[in-house]
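Chemist: Sequence:
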Amino acid sequence: MALADTTLLTELIGHEAVVLLVRAAGGLSVYVPKSPPFSGPLSVLPPEAQKRLASYAGGDLLYIPKCDGALRAARDAEIRAAYDAGARVSEIARRWGLSERWVYEILGRPEVRQPELF
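Take the sequence shown: its position 33, counted from the start at 1, is 33 in UniProt numbering, and no numbers get skipped.
If you're looking for bench data, these hints aren't it; they were derived computationally from the structure.
Among these hints, one or two may not hold up.
To be verified - Quick list of in silico lysine-lysine cross-link-like pairs, DSS-like style, CA-CA up to 27 Å: (1) K34 x K51; (2) K66 x K51; (3) K34 x K66.
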């Protein structure tokens with residue numbers, strides 16, 4: 001089973017759970033057990049999300065999209081917000097694991113309206 005529609009996945013388990021799942025297993029096909037608790041990459045999901053995912057896709061292979069562009073846009077928006085709130089560039093760089101030069105690059109780009117993640 002390939003679940004390419006992340007909107008459906010978001011409706012099923014919730015936005016925060018989808019973000020956790022994409023960060024843990026984006027770009028991978030994972031087996032969804034028929035009942036929780038899950039192990040491996042699916043273990044990042046909260047218990048209620050595990051139950052819902054098991055009832056929907058239990059026993060199937062599920063492709064988790066990477067959503068790189070949306071995650072990067074969300075990160076950049078968080079970086080801009082941290083800077084606007086008074087965080088120093090060196091603090092921001094450490095927090096997100098980036099170089100100071102790259103933080104300046106992000107801050108210097110025109111702000112783009114963040115696309116919907118799913």
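Chemist: Within 27 Å, alpha carbon to alpha carbon, are K34 and K66?
Modeler: Between K34 and K66 the Cα gap is close to 24 Å, so the pair holds against 27 Å.
Chemist: Holds or violated: K34 with K51, Cα cutoff 27 Å?
Modeler: holds (9 Å)
Chemist: For the pair we were handed, K66 and K51, check the Cα-Cα distance against 27 Å.
Modeler: holds (23 Å)
Of the numbered hints listed earlier, not one is contradicted by the structure.
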